[in-house]
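Using the numbering used here, read the sequence shown as starting at 196 and increasing by one per residue.
If you are wondering where the hints come from, they were derived from the structure by calculation, not from laboratory data. Computed from a predicted structure; not experimentally measured. Take the hints with a grain of salt, since some may be wrong.
[As the list claims (entries may be wrong)] Ranges of calculated distance between the beta carbons of each label pair, as one might list FRET restraints: (1) Gly371 <-> Ala247: 37 to 47 Å; (2) Val250 <-> Ala431: 52 to 62 Å; (3) Ser349 <-> Thr395: 17 to 27 Å; (4) Asp432 <-> Leu216: 51 to 61 Å; (5) Leu216 <-> Thr350: 40 to 50 Å; (6) Ser349 <-> Ile445: 19 to 29 Å; (7) Met229 <-> Pro448: 15 to 25 Å; (8) Arg232 <-> Ser434: 31 to 41 Å; (9) Pro382 <-> Ala261: 51 to 61 Å; (10) Phe415 <-> Ile257: 49 to 59 Å.
Glycine is no exception: its CB is placed at the ideal position from the N, C-alpha and C atoms.
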Amino acid sequence: MSEHVSSRARALGSRWLGIGLAAVIAVVTLGLGMTGRLTLYISPESVWFACAAAVVTLAGAIWSFALPLGSETEHDHGHDHGHDHAQDAEPSTRRTLATAGTVAGGVVASGVVAAALLLPPASLSVELAMSRAGEQTALFAGADDITLGVADTSTFGVGDWASVFATATNPAAYDGKDVTLTGFVTPADDGVNLTRLVITHCVIDAQTATLPVTIDAGEFGTGQWVQVTGTVKADADGSLHVVPDSVEAIDEPGDPYEY
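Could you build the full structure based on these sequences and the hints that come with them?
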């Protein structure tokens with residue numbers, strides 16, 4: 196009886212670590228996708244793929260209920276009983292290590308799923324953006340067009356302008372360009388930066404874009420979201436900065452990233 200209970204427990208654990216966790220993640224993904232919050236984790240272009248994959252995963256989970264409990268491991272038993280079992284008996288230490296690895300992986304995976312269910316979706320922190328500032332500068336989409344001088348700057352966001360500020364070989368060409376930009380305030384060595392996190396595929400590759408803005412350092416607190424309307428100015432030394440005509444404090448936008 197105890198052996199049957201133990202075998203059933205192992206079968207339930209195996210199914211949870213497999214299709215169970217995958218199904219929960221699929222449900223969370225679909226929920227975030229339908230509420231528009233999946234873009235807090237991945238780029239908008241990837242949302243359709245993630246949701247399609249979640250639907251396929253759920254279909255597989257539903258189909259798995261047609262399989263008898265424990266059938267996942269049945270292929271390891273019940274055949275070739277005529278050979279010498281001593282030849283393929285695994286050392287107990289290897290089984291112990293394998294079990295420990297499975298349990299540890301299951302605990303970590305279950306913790307990730309629990310966090311996804313219990314914690315509200317949130318954007319990356321201001322502290323993370325500040326810690327990544329300066330790692331790279333000319334890394335944002337549109338950099339090639341900017342170099343060739345064929346880009347329409349009226350559509351630029353903080354990331355595009357950060358690339359311009361870092362790579363422009365003729366800064367005077369951008370002097371006087373009008374800008375309307377949204378970001379959050381971070382401190383700079385000689386003033387204030389307008390900052391935004393830019394992601395390519397998902398939040399793991401998030402990189403910080405910063406623009407120097409002529410704002411009183413004490414006017415807004417670090418992390419305050421603002422909308423800046425003004426112009427780009429080129430200094431005599433060739434550096435660029437934004438001179439605002441107006442700066443309005445706003446709430447964090449629904450989609451806090453640029454892509």
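Going down the list of hints, with the structure as the test:
no. : hint                          : in the structure
1   : Gly371 <-> Ala247: 37 to 47 Å : holds (46 Å)
2   : Val250 <-> Ala431: 52 to 62 Å : holds (58 Å)
3   : Ser349 <-> Thr395: 17 to 27 Å : holds (23 Å)
4   : Asp432 <-> Leu216: 51 to 61 Å : holds (56 Å)
5   : Leu216 <-> Thr350: 40 to 50 Å : holds (41 Å)
6   : Ser349 <-> Ile445: 19 to 29 Å : holds (21 Å)
7   : Met229 <-> Pro448: 15 to 25 Å : holds (19 Å)
8   : Arg232 <-> Ser434: 31 to 41 Å : holds (38 Å)
9   : Pro382 <-> Ala261: 51 to 61 Å : holds (59 Å)
10  : Phe415 <-> Ile257: 49 to 59 Å : holds (51 Å)
Of the numbered hints listed earlier, not one is contradicted by the structure.
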